[in-house]
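Chemist: Next come the chains, spelled out residue by residue.
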Amino acid sequence: MLLKSTYNEFIKIAAKPRSYLGLGAITILVGVILFALKADGMSFIEFVTSSFEQTLSFEGNILNGNLVAFIILQMLVIHIPLLVALVTGDLVSGEAAMGTIRMLATKPISRTSLLLSKFIAGGAYTLLIVVWLGIMAVVVGKFLFGSGDLMVLNSDGLVILQEADINWRYFGGFTVAFLAMLTVSSLSICLSCFSDNSIGPIVTTMAIIILFIIIGTLDVSIFDNVRPFLFTTHMAAWRSFFEDPLPVADIRNSIVILLIHNLVFVFISLYKFNRKDITS
Amino acid sequence: MDDKIIEVNKLSKYFGTFEAVKDVSFTVNKGDVFGFHGANGAGKSTTIRCILSLITPNNGDVKIFGESISTNRFEILKRVGSIIEKPDFYKYLSAERNLEIFARISGSDSTKKDIYKMLDFVGLNGREKDKVAGFSHGMKQRLGIAQTLLHNPDLIILDEPTTGLDPQGIIDIRNLILELKNQHNKTVLLSSHQLSEIEIIANRMLIINKGKSIIEGEVSKLLNAEELIVNIEVDNPEKCVLLISEHFPAIHIQEIKNNQLLIATDKNVIPDLTKALVAGEIQIFAIESKRKLEDFFIKIISN
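Chains A and B, in that order, give the protein sequences.
The numbering of the first sequence is the numbering used here, which starts it at -10 and goes up by one.
The numbering of the second sequence is the numbering used here, which starts it at 49 and goes up by one.
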């Protein structure tokens, strides 16, 4: 029954016009960035590298597909949650608003299966969004700008990664980025269980993300103990794959914290949904 | 025991301090079209939601097919088809797709052919591929009926199925319910705030008011036991009053206005009264029953 219900969820997501907003938005946003970098990317690179010109000389194709993909990821990963929540935040509350949740709940399927199918479908949609971002950033980026070594500026200084050493880092980076977005998806579905309208969970998800990001960036000691456990702190963990040497412990820590968040959101949702009086 | 399809026992549901349903008990037997009547907000939908486990009651229990809904929900719901309040569908999907979605989780093996056959049965042939967003309320009700019947349930629960329908739609739904009972031997729990509808379709009924059961029994007995109010229009009302007073002392004359008399009487007296009026050479222009089911309902709940 879980599989049948999941199949139903896929059909619904595929038929909803809002599901294509995310894909369309990514296509347009990445397209604009690619166009801008193609048109005037070198001046951007010169601005970044100017501080190193005294000590280093740069040769070859610095503005290559790998760097473009990194720039795109850095610019967009923080905005993807909205595109994810737009669909996943509607999965339960949208059905309540439409009244179809009433129809579903009178069928011989457990509420647990009904909700888990929504989590699975929401996860699949999130994966689609992240994969599409990957295709647009890495594949189209390399197609337009060619390949080459990746130059990354992080807190420890400049890291230069060999061309042959990059693809697996992108795979790892996108996997962790997916896990972070999956957490956003789980959060929005969880909030969706508490609401009977579509907008509430979407807005609340974004409000929580903004609040957590503010807490994460505020240099106030009172938040020091909280900050490492906020999922937003680990939303940028994909970047760790572009450090050398690889901070394995940090990555593992981020993955564990994101997974725990996902599990907590799923359990809260199941608890609420199974006890919810369907009055809509 | 096998004849009891639904057994509701001392069901209560509170929303905060609001008492939506209080100690409601009733039984629906096999083959019944059971009318569940009450004014808007009387607690009909809350009771039905409890029966279908959409709402968890605070007290009481519900048994369907002899099993408790709280412990055997999955097996019970396989044999139940329902529309609660109004049928809601995925507006962005076609009628066919909507039925596919609900059929898939109804525990049946409905094929595309079954879906088309059912859409044809409810009069939606030719609209299978149309999105529900373009459907009228009546068409959605028909699609709701199709969704209810697709998996061939033994028990059908319809909550206000004729609300918002045009007269032809109401007649169609009534005929469909009677067909389900008479030709397919289905048991139907029909909730309606229109007593006339229940009188036409149901064989047994329960009246609920402010969350409490008021009266339960056979529709024919409950509704016919009442005193009839009859309006008689004659050429000579004075002579008519005299005749009634002499020969029918049990008849209570309530009002005389122009050439019309309003009398309260037993239904069985009407034929004799008519004969007596004709024999007394009183011209009768009209005899009209003024008994209104709504009056009956108001009398019941005010008692």
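Quick caveat, the hints were computed from the structure, so don't treat them as lab data.
Keep in mind it's a predicted model, so treat the numbers as computed, not measured.
We put the beta carbon where it would ideally sit given N, CA and C, even for glycine.
Incorrect hints may have been included.
[As the list claims (entries may be wrong)] With the Cβ distance kept under 10 Å, some of the chain B side facing chain A (calculated, not the full set):
1. R121
2. S154
3. V326
4. I330
5. I332
Chemist: Each of the hints needs a verdict: does it hold here or not?
Modeler: To see whether the hints hold, each was checked on the structure:
no.	hint	in the structure
1	R121	7 Å, holds
2	S154	5 Å, holds
3	V326	57 Å, violated
4	I330	58 Å, violated
5	I332	53 Å, violated
The structure does not agree with the numbered hints 3, 4 and 5 stated previously, though it agrees with the rest.
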